[in-house]
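**Student:** For the record, the sequence lines run as chains A and B. Counting in our numbering, the first sequence runs from 1 upward without gaps. Counting in our numbering, the second sequence runs from 1 upward without gaps.
No lab work stands behind these hints, which were simulated from the structure alone. Please note: incorrect hints may appear among the correct ones.
Stated by the list, open to error - Some chain B residues judged to face chain A by a derived CB distance under 10 Å, without partners named:
#  : residue
1  : E37
2  : Q114
3  : G120
4  : P126
5  : V131
6  : L144
7  : S146
8  : R149
9  : V150
10 : L185
11 : I209
12 : L236
13 : L239
14 : S240
Stated by the list, open to error - Simulated DEER-style distance windows between Cβ atoms:
#  : chain 1 : residue 1 : chain 2 : residue 2 : range
15 : B       : R204      : A       : V150      : 54 to 62 Å
16 : B       : P92       : A       : C244      : 35 to 43 Å
17 : A       : E182      : B       : R18       : 45 to 53 Å
18 : A       : R149      : B       : P55       : 46 to 54 Å
Heads up, the beta-carbon is just placed ideally off N, CA and C, and yes, glycines get one too.
There are 2 protein chains.
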Amino acid sequence: MPSAEFAMIYRYFSDLGRGDAVDLSVGDDCAIMRLGEGERLATSIDTMVVGVHFPSDSFPEDIAFRAVSAAVSDLAAMGARPLGMTLALTLPEVDELWLNAFSQGLAAAVGAYQLPLVGGDTTRGPLSISVQVMGALPMTLALLRSGARVGDQVYVSGTLGDAAGALAFLKGQWQPTPDYAEYLLNRFNRPRARLELGWALLGRATAAIDISDGLLADAAHVASASGVKICIEPQLLPLSAALCSHDCRETVLQWALGGGDDYELCFCLPVDESPPVGSTRIGQVQAGVGVDSGLDMDISHGYQHFDD
Amino acid sequence: MPSAEFAMIYRYFSDLGRGDAVDLSVGDDCAIMRLGEGERLATSIDTMVVGVHFPSDSFPEDIAFRAVSAAVSDLAAMGARPLGMTLALTLPEVDELWLNAFSQGLAAAVGAYQLPLVGGDTTRGPLSISVQVMGALPMTLALLRSGARVGDQVYVSGTLGDAAGALAFLKGQWQPTPDYAEYLLNRFNRPRARLELGWALLGRATAAIDISDGLLADAAHVASASGVKICIEPQLLPLSAALCSHDCRETVLQWALGGGDDYELCFCLPVDESPPVGSTRIGQVQAGVGVDSGLDMDISHGYQHFDD
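The following block holds chain A by itself, in its conformation from the complex (with noise of 0.2 Å):
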């Protein structure tokens, strides 16, 4: 991209650079960032194109947060405490109303998630966007997928399938009432990453992973890593009352065991350790492979993306 525009498009996200961990930031080679002692770097990145991961008349404020939402949700994960991110932008033309609305969005997420964008690369093509998080944690403690044991218990935070539900309404394929649509779009939209929860799971969860693929998929990470069998009551799963306001019980059912974008963790706990608020006990692990939830359900190919 020609420099004059480089130079323009970083008018709207220079700003976004200063936090507590950052030496350098956006303007050379690199940004640099100090870890703390004794500290660890996280680190995932999460690309959404445009028809694939949103419908293509989103507004760039929602995008942007939703994108950075989606990675960090990665650093919630394993219960990182955030450092800095990176952008590669992709966009199709230089459109400063676009870009205006977009560096909105991106500010609301460095603020919410204090999470400062250090660099990035901004290219022509069709519109997609990369978030690269990076973050801190202590040198012998991380969430990971692998740690689950027999008898444990299954939680999951928040709600389920409220984003697919969301996905379905914009679809066109139901119509919930307007204050029902607007919760599950701000859902979808505008999802909040489970920081402090992963914090707080940190040495106490044996295993945890966030629910972008849908939970049935997930736990079925889990379940391989950890070589355990993760069972789901659905009659435990937490259901907002706007997506059990659809009429079809096995529809909702479908939502929130498939659905993706939901950006919630799931994780496991021993039985003696109490769970933190705002999270749920869906289920538990037992001896054996895979994931059962008692229902005959095809979520073979785990959750599938606006295109699909």
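Given chain A's structure and the hints, the job is docking chain B onto it.
**Tutor:** Relative to chain A, chain B alone:
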């Protein structure tokens, strides 16, 4: 992307994640890496889009190697030691032949730079590759753009303009001899980031930058960040025999001064510092602003990419 495809793709990459600093690689919500005692994190992200940064008929091996080199070049320009990288890969479809070739290029880059691939995201969409590199720097040293002082000598590594010459060949604008064409294409497709040079310059160079946008554009960044004027003497520019075989001297100079994608380093040394082997003095730092090459040449828009 459905999880079956995702798993298939990661089969190609899962062997590339081992490294001394890697505690946890591909397969959990985040990768985990360790920095050495008293080290800081240096990080940068670079995106390449098909038809913009590389011709759509490029070999997948070359696309992978070049995308990694472009990102690693930013670590080189800071003097950083490579720790690991993540990859955000957007693919229009899952093509096993393509992925196999791409992973071979990735493996070559992982080996060449000792930079394990610790994580990634794969999404469906127009072909695009974002590489985020992470490296380690001593707590008190870094090669910045901002330290050039009046009286310093200005150097570059390698030869300049080769990638621009290769692009002109690919566009059918000139026809070098087969040997020269092969040399130029190799410079374009397989650029080698100057990591060892960056380390050698740490603590010695007053400023450094990688030449990804063209010498004049990148030297202007150093001039601006350092508050000095950079004077370049065109007759000193290091040129390859392949480039010099073009019959128009002015075109060759335009490529050397304005062409991007060479991924060489431009750096400033105090007059009493002897330059590293393989670097060439091209000018000096004076009081003033901007870059002066003594030529009347329009480079106001910096380097123009493949699609321009």
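**Student:** Hey, does the B/L185 contact hint survive, CB to chain A under 10 Å?
**Tutor:** At about 22 Å, which exceeds the 10 Å cut-off, the nearest Cβ of chain A leaves the hint on B/L185 violated.
**Student:** Answer holds if the nearest beta-carbon of chain A is closer than 10 Å to that of B/V131; otherwise answer violated.
**Tutor:** holds (9 Å)
**Student:** Measuring from the C-beta of B/E37 to each C-beta in chain A, is the shortest one below 10 Å?
**Tutor:** At 9 Å from the nearest chain A Cβ, B/E37 passes the 10 Å test, so the hint holds.
**Student:** Quick check on B/S146 please, does its C-beta sit within 10 Å of some C-beta on chain A?
**Tutor:** holds (8 Å)
**Student:** Holds or violated: the hint that B/V150 contacts chain A, with Cβ atoms closer than 10 Å.
**Tutor:** violated (21 Å)
**Student:** Starting from the hint 54 to 62 Å, judge whether the C-beta atoms of B/R204 and A/V150 obey it.
**Tutor:** holds (59 Å)
**Student:** Given B/R149 as an interface hint, is the shortest Cβ-Cβ distance to chain A below 10 Å?
**Tutor:** violated (17 Å)
**Student:** Measuring from the C-beta of B/P126 to each C-beta in chain A, is the shortest one below 10 Å?
**Tutor:** Hint on B/P126: holds, closest Cβ of chain A at ~5 Å, below 10 Å.
**Student:** Does the Cβ pair A/E182, B/R18 satisfy 45 to 53 Å?
**Tutor:** holds (48 Å)
**Student:** May I ask you to test the interface hint for B/Q114 with respect to chain A, counting a Cβ-Cβ separation under 10 Å as satisfied?
**Tutor:** Status violated, d = 17 Å.
**Student:** Honestly, do A/R149 and B/P55 meet the 46 to 54 Å range at C-beta?
**Tutor:** holds (53 Å)
**Student:** Holds or violated: is there a CB of chain A closer than 10 Å to the CB of B/L239?
**Tutor:** Nearest chain A Cβ about 24 Å off; hint violated.
Violated hints, listed in ascending order, are 2, 8, 9, 10, 12, 13, 14; each of the other numbered hints is respected by the structure.
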